[in-house]
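Protein chains in written order, with the working numbering: chain G, 1 to 258; chain D, 1 to 483.
Think of the hints as simulated: they come from the structure by calculation, not from any bench.
Since this is a predicted model, take the numbers as computed values, not measurements.
One side only, chain D facing chain G, incomplete, derived with CB under 10 angstroms:
| hint | residue |
| --- | --- |
| 1 | Ile25 |
| 2 | His331 |
| 3 | Ala399 |
| 4 | His401 |
| 5 | Pro465 |
| 6 | Pro468 |
| 7 | Ala469 |
Every residue, glycine too, gets a C-beta built ideally from N, C-alpha and C.
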Amino acid sequence: MQRDYPGGPRPTDVYFFATCLVDLFCPEAGMDAIQLLEREGIRVHFPENQTCCGQPAYTSGYADEARAVAKVQLDLFPNDWPVIVPSGSCGGMIRHHYPKLFAEDAALKAKADSLSERVFELTEFFVKVLKVNWKGSGATKKVALHTSCSARREMGTHLHARQLLAELGNVELLNHSHESECCGFGGTFAVRQPDISAAMAGDKADALKETGAEQFLSADGGCLMNIDGTLEKRRDSFRGQHLASFLWHNTERKGEKA
Amino acid sequence: MSTPQTTHHIQFVSGNEFKRRAAGIVADPFLKKSFRGAMDFLMMKRAAQFPDPELLERQRDLAEHIRRYSLSKLPELLEQLETNLKKNGVQVHWAETPDEANAIILDICRRHDTKLMVKGKSMVSEEVELNHAMDAAGIEALESDMGEYIVQLAGEKPSHIIMPAIHKTKQQIAELFAAKVPGVSYTEDVDALIQIGRDVLRKKFMEAEVGLSGVNFAVAETGTICLVENEGNGRMCTTVPDVHIAITGIEKVVEKLEHVVPLYGLLTRSATGQAITTYFNVITGPRKSGEKDGPKEMHLVLVDNGRTQAFADEQLRQTLQCIRCGACMNHCPVYTRIGGHAYGTTYPGPIGKIVSPHMMGLGATHVLPGASTLCGACGEVCPVKIPIPDLLIRLREEATHEAKPGHAPLFGQGAGKTAFASFAFKGFAFLYSRPALYRLFTWAATRFRALTPGNQAGWTKTRTPLTPAKKSLRDLLAERNKH
Numbered sequence: 001m002q003r004d005y006p007g008g009p010r011p012t013d014v015y016f017f018a019t020c021l022v023d024l025f026c027p028e029a030g031m032d033a034i035q036l037l038e039r040e041g042i043r044v045h046f047p048e049n050q051t052c053c054g055q056p057a058y059t060s061g062y063a064d065e066a067r068a069v070a071k072v073q074l075d076l077f078p079n080d081w082p083v084i085v086p087s088g089s090c091g092g093m094i095r096h097h098y099p100k101l102f103a104e105d106a107a108l109k110a111k112a113d114s115l116s117e118r119v120f121e122l123t124e125f126f127v128k129v130l131k132v133n134w135k136g137s138g139a140t141k142k143v144a145l146h147t148s149c150s151a152r153r154e155m156g157t158h159l160h161a162r163q164l165l166a167e168l169g170n171v172e173l174l175n176h177s178h179e180s181e182c183c184g185f186g187g188t189f190a191v192r193q194p195d196i197s198a199a200m201a202g203d204k205a206d207a208l209k210e211t212g213a214e215q216f217l218s219a220d221g222g223c224l225m226n227i228d229g230t231l232e233k234r235r236d237s238f239r240g241q242h243l244a245s246f247l248w249h250n251t252e253r254k255g256e257k258a
Numbered sequence: 001m002s003t004p005q006t007t008h009h010i011q012f013v014s015g016n017e018f019k020r021r022a023a024g025i026v027a028d029p030f031l032k033k034s035f036r037g038a039m040d041f042l043m044m045k046r047a048a049q050f051p052d053p054e055l056l057e058r059q060r061d062l063a064e065h066i067r068r069y070s071l072s073k074l075p076e077l078l079e080q081l082e083t084n085l086k087k088n089g090v091q092v093h094w095a096e097t098p099d100e101a102n103a104i105i106l107d108i109c110r111r112h113d114t115k116l117m118v119k120g121k122s123m124v125s126e127e128v129e130l131n132h133a134m135d136a137a138g139i140e141a142l143e144s145d146m147g148e149y150i151v152q153l154a155g156e157k158p159s160h161i162i163m164p165a166i167h168k169t170k171q172q173i174a175e176l177f178a179a180k181v182p183g184v185s186y187t188e189d190v191d192a193l194i195q196i197g198r199d200v201l202r203k204k205f206m207e208a209e210v211g212l213s214g215v216n217f218a219v220a221e222t223g224t225i226c227l228v229e230n231e232g233n234g235r236m237c238t239t240v241p242d243v244h245i246a247i248t249g250i251e252k253v254v255e256k257l258e259h260v261v262p263l264y265g266l267l268t269r270s271a272t273g274q275a276i277t278t279y280f281n282v283i284t285g286p287r288k289s290g291e292k293d294g295p296k297e298m299h300l301v302l303v304d305n306g307r308t309q310a311f312a313d314e315q316l317r318q319t320l321q322c323i324r325c326g327a328c329m330n331h332c333p334v335y336t337r338i339g340g341h342a343y344g345t346t347y348p349g350p351i352g353k354i355v356s357p358h359m360m361g362l363g364a365t366h367v368l369p370g371a372s373t374l375c376g377a378c379g380e381v382c383p384v385k386i387p388i389p390d391l392l393i394r395l396r397e398e399a400t401h402e403a404k405p406g407h408a409p410l411f412g413q414g415a416g417k418t419a420f421a422s423f424a425f426k427g428f429a430f431l432y433s434r435p436a437l438y439r440l441f442t443w444a445a446t447r448f449r450a451l452t453p454g455n456q457a458g459w460t461k462t463r464t465p466l467t468p469a470k471k472s473l474r475d476l477l478a479e480r481n482k483h
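The following block holds chain D by itself, in its conformation from the complex (with noise of 0.2 angstroms):
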């Protein structure tokens, strides 16, 4: 696994069309208040499962110091984890590129001569595009997740890492399904909705030749998959069909299963507010000989796509520590106010900031870490405690200068330069670090005050012009003092 330099082609938004899709959406007050809502829902049922304070910093330190303990032995565990699995039987596979992912899966399908695949709930299939992959070779990949089986009728992408359809209205997914279910008329009813979708996905189980599920965490000691969902359909995916593909990025391996229990505890709490997920499947290799039930065959593919380029560098290692929970999406303003969708990455909110520079480059991303105000409240609900705030200043760095000496080139590095914002810069540093000069400046400023642009680029479109005072605090202090 080198750089990623992938042949894949990168869909992306550049960074006029975040802004242009960033003001269509403020403008928006239905979005604005449907986004608003749900985001203080679930800020609110994570709140009450954290009632003490300090047992959560201990329970983050604990998670915080497991990830980057695995992190620390990743290759080492990797290796121990593809052993182990192969032990129980299952076959492992490696991709560095979303290419290589998807020919791997479709080599598979291909295999079983597959006509449907259904799956659960992930995000590095998604990531990969896998859906576009095999449609493309005539397999449906449907999606079983009720959030993804809504968004994946509308022709949408998930708008948020754990809850896909969070941006739909109740009337928007009854007139969606009225539409594309054959034989449903329209109702608001949620129950019957999800009755609905229960029903189509209920045959597809059945006749699926695959199942594709994602993993949150993979145990190298004991060559086992964990899979957290609540509906089911994982459950399902993972053991009606012959054939079950399990895809993961390389972040996502523990040493061992004592691990799991703090991560999943936190994990839980952090994404839906729920102590426990109504399922955990915990999959250790396909069906044995005797056993009734489950796959007869079973796989994991194992993603790079630019995690080991985050490996690479001490401080950019700590993207890796995430384990998914979406709580930094949810306490995001700029999330909660933007939505998913605009930021046109398969990770959105701040996790998608720092995680998908490395997937994509910083050529298709480089705005992304800027649209933030840094004011911290991802770090300070990161179940493993990612520094994100630092991450996204260090990504700006790199986003706007070439590489320090000695270091690789990051994927995309200095795409975000603009001679502007170099020249502005410098501009300031050569002002701020002569004291006389911006003595002089201020003065001027002040005595000038009447000058000062009224139009003030972004900033004067809501807001009265940044004035100098009369009188800078220094004059003020100089005049004092003679009296």
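Chain G with its partners taken away, still in its complex shape (with noise of 0.2 angstroms):
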């Protein structure tokens, strides 16, 4: 899990992996991380024929269906910039993953090699690479944090938002009853075990609210739409939102109106 990260001058421009969930279920969260971005001066390059990290697949036991996604996103990053990516779960993938999953084709893994050493989780990468010092804009919020199991465990990421968080000076952060554990969303779990993912689902929705939070923050699209639509579902009204789209609406932005 350790990590060298790179020293020397701020990257000029990064590649955006906006994730299959983020670029159809919440854009949202994918404009404010980009946003975000850009205020710090860097150029985001979107490469226009990114698709899906290959997870749900590859996680399923399908190994030639995620190759097949996976080999696309491969080509899609020529330079060698870092590569972004707004979701713990998919950068794992691309870390962790790409490279075992090719590894039995030298030009591939050397592919996948180059992409894995440069792919960074959006928290990380604020905490790390460009080592942010946002202040936070507007009154003290009080917010709860989920983490997913993979930011966590995979790429070793959840401290950063905590971080993040704690320099803005203006967000209270609640601590929840088992706060590592699972949200119950696993990809295709949630659909093949649906009463023990939503037993999870629920008992995570309830430890967020029962903080007092006003709302609860995650970096992670899956977990994002597994614990909100729990809640919606609920027709309750504390509710989650992407840690991106808090950053970008609750932090000071220089030259501009907050």
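Got two chains here, each in a separate frame; can you build the complex from them with the hints?
Structural data, given as structure tokens:
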């Protein structure tokens, strides 16, 4: 999990890999993430041919199908720029599983290795590479935070969102019980074992709400849809937001109207 | 030892039955609270033993290394173990299947005209369903570990590999004892309950002709077996009866006595949050001439039951690193929700999902590797660093596909393959490997979002439907670039 971050000057250009969930189901989170990057003076490149990292097939045991999808993504990032992913699990897929997926083809393996080296989860990139220090705008807000299991255990980036929120200075982060526990999404698991998944999602929603926070945040589209969809079905006013959107709407914008 | 083809009758839970059981359990608020409380307690106990994460990492690295090293030399170590056990006067038996293991043990019991066998805790004896075999032969096999005793009295199976009766409350045990133990009246006093069990068992230790135990570590170089326990019943079973039979899986062997120490330290801390157990038995043979106690005869039964199948594959071999601490189940959000019985396997929880397919075949178990969110909590706490999520994905693949060319099929290979899933993932690959088609798809999905089905299989039972946004991210970006 330990990773050496590039030193030297800040990157001037990055690729943005939105993920299929953000593209189709929470595009505003992707837009906000892009705007946060651009606000740091970075040119954000969005390869038009991106689709999905292939994770749904990979984790279901359909490696050939995952490879077919992943192979398309390998060609999207020709320049040696960082690749930013606003989702821990998709980032983990590219960083840890692409090299395994292409282990038997030297040319593709080289591409997968190169990509793996320069893929960053969004909050990881903000904290470890850009070393941002954003200040919050507006009144103090109480929030709870759910970190995806992949961000926590595969990408080791669970502390980065905390750091970003702490630096804002006007956010009170309330800890929920069983914080490191999975929300029960698990991709196709949610459909294959709906009752267990629902029990886990329900418990996570309860725990986040019980903090007394005004809203909860997550930097992972899958978790967000799972927990927020559960709360919406309950017609609960307590709801979630992608961390990127929260950061975009609650940070000072130099030279802009807040 | 070849591919495991057992004639042993395999009892298992079908995929639908697993779902049905799980649904029933998660709907029960009493069970929910009780499982959650028990697992919270065990997680807290473990965490208190590992205050320094860097030290823990070093310890896990060492333990993983020892287990991998041992497995790399498994055939040699087993031969060395057999040689040295024989030198120490221990009779060694090899069992490829549960039936063979039971027949060996039954044969020993018959030679000693056994009416009663007292048993220390042994998951391998559960795996081969030894109690059934003994029962069918008219021999009483009595569990002497308190948790196992409770489970046996209730006519149930263990729901956890370390704490077999963790699913039972004090009140349920009080009722059980009052109903099943002669001359006992209802009490919820835990000390009194334990004393009741001890009184029953104490007499039985003296009467039993045979004592059976499991094995935590078998040391090849010295011909020693090590037994980790807290109640002293293991020591009674291995020293009081005239005959001691130990039963273990072939993977438990290590080369040297010094290899046991780091593993033992992690085992007890990971399992129950103890720095050391009350008893640690190091057994190197039966009573020698001139000695005043100990069994007159000692046997070790080494059981394969599918382990050689896991051994044969470099990745799946990691399954055999397990030292049976149970930390993976204590930290598993699925196990915490459904308890051990829902799985229908001897070994529940994450380790059960990766080891049971080798023992029972994928035909009986193909649903289990899929019943995980791959959250990684199991792999994170595993003291010997088994990459459980990776192995779950591998077994999902084996369960839904034919064996790859040049690879021997696993027991039950492809048993979970369905036309629907194959079609769905082919469709997924077709769509998402064609960027232009994918763009057309998102274009249509956003424009016709009103047509999104309101009923999305299991998803919408407790969640609102997944509905595409009005505009996809690429639409939003295209619009912005126009301005």
